[in-house]
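**Student:** Now for the letters of each chain:
Protein chains: 2
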Amino acid sequence: MTDRLVFDFAEGNATQRALLGGKGANLAEMMNIGVNVPDGFTVATGACVQAMNADGQWPADLWPQIVDRLNALEERTGRKLGGAERPLLLSVRSGSVFSMPGMMDTILNLGIGDVAAAALAAETGNERFAWDSYRRFLQMYGSVVEEVPHHVFEDELAALKARRGTTLDADLTADDLKELVATYKRVARENGAELTDDPREQLRRSVEAVFKSWNNPRACIYRDLHSLPHDVGTAVNIQQMVFGNRGETSATGVAFTRNPATGAKELYGEFLVNAQGEDVVAGIRTPNQLVELKDVLPEAYQEFIDNMNRLEAHYGDMQDIEFTIEDKRLYILQTRSGKRTAAAALKIARDMVDEGVITREDALRRIEPAQLDQLLHPGIDPAHTATPITKGLNASPGAAVGRVCFDADQADERGRAGEAVVLVRWETTPEDIHGLIASQGVLTAHGGMTSHAAVVARGMGKPCVAGAGDIHIDMAAKTLTIAGKVFTEADTITLDGSTGAVYGEALPLIPPSITDDFREVLSWADDVRKLGVRANADSGPDCDKARELGAEGVGLCRTEHMFMAPDRLPVVKRMILAETQEARQAALDELLPMQINDFDEVFTAMTGLPVTIRLIDPPLHEFLPNLVDQSLLVKSLEDAPDADPQELAEARELLGHVKRLHEQNPMLGTRGVRLSLLYPEICEMQTKAIIRAAIAVQARGLDPHVEIMVPLVALAEELLRMRDVIVKTADAELAAAGVTSLDYTVGTMIELPRAAITADQIAEHADFFSFGTNDLTQTTIGISRDDAEASFLAAYLESGIVPVNPFATVDADGVGELVRIGVEKGRKTKPGLKVGVCGEHGGDPASIEILAPHGLDYVSCSPYRVPLARLAAARAVLGYTKDA
Amino acid sequence: MTDRLVFDFAEGNATQRALLGGKGANLAEMMNIGVNVPDGFTVATGACVQAMNADGQWPADLWPQIVDRLNALEERTGRKLGGAERPLLLSVRSGSVFSMPGMMDTILNLGIGDVAAAALAAETGNERFAWDSYRRFLQMYGSVVEEVPHHVFEDELAALKARRGTTLDADLTADDLKELVATYKRVARENGAELTDDPREQLRRSVEAVFKSWNNPRACIYRDLHSLPHDVGTAVNIQQMVFGNRGETSATGVAFTRNPATGAKELYGEFLVNAQGEDVVAGIRTPNQLVELKDVLPEAYQEFIDNMNRLEAHYGDMQDIEFTIEDKRLYILQTRSGKRTAAAALKIARDMVDEGVITREDALRRIEPAQLDQLLHPGIDPAHTATPITKGLNASPGAAVGRVCFDADQADERGRAGEAVVLVRWETTPEDIHGLIASQGVLTAHGGMTSHAAVVARGMGKPCVAGAGDIHIDMAAKTLTIAGKVFTEADTITLDGSTGAVYGEALPLIPPSITDDFREVLSWADDVRKLGVRANADSGPDCDKARELGAEGVGLCRTEHMFMAPDRLPVVKRMILAETQEARQAALDELLPMQINDFDEVFTAMTGLPVTIRLIDPPLHEFLPNLVDQSLLVKSLEDAPDADPQELAEARELLGHVKRLHEQNPMLGTRGVRLSLLYPEICEMQTKAIIRAAIAVQARGLDPHVEIMVPLVALAEELLRMRDVIVKTADAELAAAGVTSLDYTVGTMIELPRAAITADQIAEHADFFSFGTNDLTQTTIGISRDDAEASFLAAYLESGIVPVNPFATVDADGVGELVRIGVEKGRKTKPGLKVGVCGEHGGDPASIEILAPHGLDYVSCSPYRVPLARLAAARAVLGYTKDA
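As you go down the protein sequences, you meet chains A and B in turn. Okay, so the first sequence: first residue is 68 according to our numbering, each after it adds one. Okay, so the second sequence: first residue is 68 according to our numbering, each after it adds one.
Chain A extracted, bound-state conformation (with noise of 0.2 Å):
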């Protein structure tokens, strides 16, 4: 006995994608729940495996097979292959286990020759159609099976046309057509091909050119590049051509079951008369609305109707579907779900679990998270024609229209007299952050993903395309060029940060909307995941912003932002310039109360719910000047002869101080506990701030949680240290203010490859561990986010070297498994730590199916990604992966 290698679509089902592909399983499918597919049938992946062993020679009974399923097809279809009556035409298709789009041959109109294609022209009354067919079929099956170079039929073809005085194929009559036919026997024949008449024949030389076409280079290429095995081998699929294109009573279409753009439940398509597929999409001819088929060809209607719903049904989601109706008979010929908004997502779950077709987890399943950032940012209208000027990183989401700005101070006054602008800016320092918030949005032609500009556009909600490399800004000139075309400040420009699109013109937005199908859908992802999710927030808007958002308190609360406040940073300045502590703790005095109230607005908005508030990080030379602009604006002032003394001596003064302070490579530089323990009254004064502010907002009935964390900690005695003055001050503060029921925890940061492991010799001292990712990536591959993005690292995600941008989505290999190894040592030392994690990775999905296995108890990222972070955390306990 031997082993059936060919199978009926009416013989198979959607589980058997190994045996028949995954184009022969869905037909299966499709006939089985009743809906009319054209019929056929499969030639089984396990034919191809088996030939290619065997150096492409068939297994002996692989033909009888083929034969005697195409006789009973003839027999169902009541046709002849080539037959000079009623012929059958065939489509040969590859369809391997996993998708390869366009990657392997296809053959249509199989069976046609000189008989069958007087017959078809007989059979429609339409003589061009069959000629057509039989030229299209040559040309196919001489380039795939007789390996006729393409451009030979395509040079002929282009030639007839050009004697014809046309470029439009359509301009071909049946006569042009059968003289093109015999031309391209011809040509044909001359390029090798030995031709047969035989379409039994062609049939047997087709199926063996797709199973070689598993193996031509594209189709290797493609699977290492996206690491697919190379022996599992492709199926066959062999079924009857039906069309659309007739008569009057033929016709074809689209539709989706359910609108793609609102999501309702309604009829959504489009259909020609006497049209092939290809003519509703090339828009030569308006096709009309789906609804109008039901006056047209009410039965094949009504068909299509119960099809559709038939297929929503049984898959469980909106379709995407493909038919043709052939002299009045209805034929589906592909389904898959459909593309959708983010709000049509929504509204679709939230529907169908009321109809009770699919369960809430099946609906957060289908949701992906990226999406959602289409509804919590004003959006460039779908509806625009404009072309990019150019592209930088699609650093955060939305998008904004304004005039060009290069200039914070400038982007401020503008700003805040009413004018839209967009901030311009090679990069952006902590100095621009007032331009940042009057401005729109940002463009910067350097930094990456997680440079200043995006992490605090992210923060704000705010576009940023970072990293645009191909625009040039002269600051002297306040001219932005962009490929050769130069923007002045009363030009308008429109990004896009989700996409990373700028646009040398104003576009219209469509505004962001947080419908009740949003919420809906997010109180069913809180229902089911395990995860917390915290916002990265430092003000009382951010926080109200989280909450609304959902966030179940503030995982990361930066105390340097707070530093940076236009009236605060020359207070800042005088602290570090401190020659004397007495002069450092002066000006920190004036700090004291600014802190106070910024930690008050904090803890009142986020009563109930626990922050953590992180002690400052950044190195001190961040608040100073730059080297270079230091440097060149004394070397101005010496070379000015009329310089004012005393403005070159403070000049020079200050240079002083920022050449000491300066640093090779400040990322690994005195930040952080670094730089409290050496300057332990900047963390005993915001210590005091933190604990008076919660004492003064627990005086007024709310009820703050208090968490401090210690960033930058690769040793545990740094920690057993810094917590002591932390402990101290904070204790001093309570006893003082004769408090007793204010509960503070103490915790720290694990952002170094050394943090994560010793992790559990610094649980000792720990009271929590939050995963700073950004910084943790940045030693554990060393790389620098400052300048990676820029160089390296973009060519390593061109070329492929990294799959993703590592800022992005977690190194799950490296910073990952330091995550791991983090949480499992940290636990030994402590079984119940709590565990964050409070990169920007917190709100990314992928990063969070990445690192939620390894038992965070929760994540925090800026407000606007908390939905996201809600649904994927629901996401990775339903064991969503990406290829379901």
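Since the hints were made in silico from the structure, they are not lab data. This list has only true hints and no planted wrong ones.
Just so you know, same-sequence chains aren't split out, so a pair can sit in one copy or run between any two.
As a list, the in silico DSBU-like pairs of lysine-lysine whose alpha-carbon atoms are at most 30 Å apart:
| # | residue 1 | residue 2 |
| --- | --- | --- |
| 1 | Lys640 | Lys702 |
| 2 | Lys897 | Lys755 |
| 3 | Lys702 | Lys552 |
| 4 | Lys552 | Lys726 |
| 5 | Lys458 | Lys726 |
| 6 | Lys640 | Lys726 |
| 7 | Lys702 | Lys545 |
| 8 | Lys702 | Lys726 |
| 9 | Lys228 | Lys252 |
| 10 | Lys279 | Lys147 |
| 11 | Lys897 | Lys795 |
| 12 | Lys406 | Lys332 |
| 13 | Lys395 | Lys361 |
| 14 | Lys458 | Lys545 |
| 15 | Lys640 | Lys795 |
Go by the hints and put chain B onto chain A.
**Tutor:** Showing chain B alone in chain A's frame:
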């Protein structure tokens, strides 16, 4: 039955440290081998512990046991405590299981009182001695036991000397001292002391005071600092006082059993007749050479020689012995292993092995590897008495004397003209290399143990004092200011790179000496050690030195040092600034023959041994001027009315390149494999040069062993792609030359945490691993060696947050653990994978102890550290530990 808590010295031995404390056990041991030590007994540590645990309450049986042993001691010595004739005087000393020098209390001369003082005066015929002993006792007993502030006694002594018009104790007469005794008693009582005349009560109180001193604050802090346990308590040693100042038949002295300067087996010591130990040390009288004792006190002399020989033979090491002769009777007070010079250490070790006293293994355990540095570099003559004017880091050992020079070009010029110069810089860069070569040594204000200056100086075997933060350099005025003193280029300074000291004058140097002893002892180390030792060397002379010092290959040949040579830098710059691939290739073509020559030299010198060549590592901007300098240059050209427009244009263009290549954190930047993947033509040129050189060397009948190493790999994919470039290039060269007999391997540095963590993936593409622990330290701990040592790391070391500089001795828990993980994972993929360490730690004995157990095949270090590494590797096998 009660526990024994008090033991005669004669009962114990050296193994009973836990019971008797270190000092008690040692005294017992000496007594046991027949050495005459002053008799006495020890209160065991357990007594102190029991008292501590009972709030100071003594075990009931303790005092009776002490009294019992005291009675026995009185009997053995024929003396009575506080007796009116032949009084017994005692010392009461602490002595815990571990050494805590000076942390606890001691009382001498206990037993003296009005009666015993008179008896002592009569017995010795020395009334002044008797009353001086009495006042000394009161001073110690009063402050230690009765807790009278120390200054109370000092004030009275000072007042008395003032009244007598002297500043010397020795000018006080017996009557003066008698008066002082009365005064001491009075002021002690006035300050709350309850003095007693009963010497046995004094003894009880003294033992109690020693118990208490176990928990005095400075002892507790000391134990905390050294991580010693608080609960083991101290023993108390009660011992007969003996006096070398009882007259002309008494003496006191110190001796070494061998010459501690040369190691020669000869009498080496000094004595004084009728003197106390402190007189020998104080230098008021000039001591006699020990050999003269033969004539003065011949029996005591012979007894001393016997005792000395017995002690050395018993302890198997050269001893440093203190002795006293009381009335012709020799007493050994103390013996311990004697400190010695490196030369002496080697000679003594070799001689003792020859004498059969110790084994070679014992000898290796005895020699501190770091000491060998003395022999490899010139040192300051230890006879000097100069005081350092400042101290920096001891960055590269040896001493240098020379005139100050601020500029590498000038150092080059002056040095080549025969002048001895010391290069003084804020910090050095690769552009200073020729200045370093021409200098005797280098002094920098910035940078640490692994700064450029330090690394290069160590490689050259030149002294370097780095990070001397107190020095101020005025480049414009060409002055160096240290502690207010100004040095110009005409002034001479001396550096001690072994200690970090800087002297403001010329000091005499002694030359290095590689003796036969040195070679012999290291050959023993080679027999024992399992770890290979290679050198980091980039040139023929470096390689020759490395072989001479015993290197078994080159573990790190840095190719970029070759690029820094003055004749090559312009070509390297052209390569970097090339706008087109052609221009870059042209520059590379110029570099190719130079690099072939470099590698030819290295392979020739190292014939028969492996040479690991690291492909280009530093970021390209290191070869260009720095951003600040170039910005200032452009600005001054812009401002100069008569500037050459051509020059300005070129300066601006160069500034553009500098800006383009500038990185915020170059340590994490476009370096190593990242650079080579962006510009594979650089790596191709280097590979060509390596292979062509090896072919040429082989053709001359030599035997090159080629290992090509890719730096800064973080991802397996990087190495996969780089290896492909290397192998294709190398194989093409071999094929073109028709050579089939030349093997080469391709491996990688493991110097990023991610590389260690994913070593299993990386090992797929690596023939060997070499851990770059310098860079691994930077990224694991998140510290920049360019910055940290001059900033927070210095503060961390000072305040004990880190016990040692992690750039000097590898961080065991962090970096060491990553090395462990890296080796384990690498060998999981390739069981026989060859693994080395080529960071600076490769030459640090403590680091070798930490890293060797992780399974390394070899370490590689600068040539001058090779002997240290050989010895340390042997000691690692012998299980040497710091505490042994």
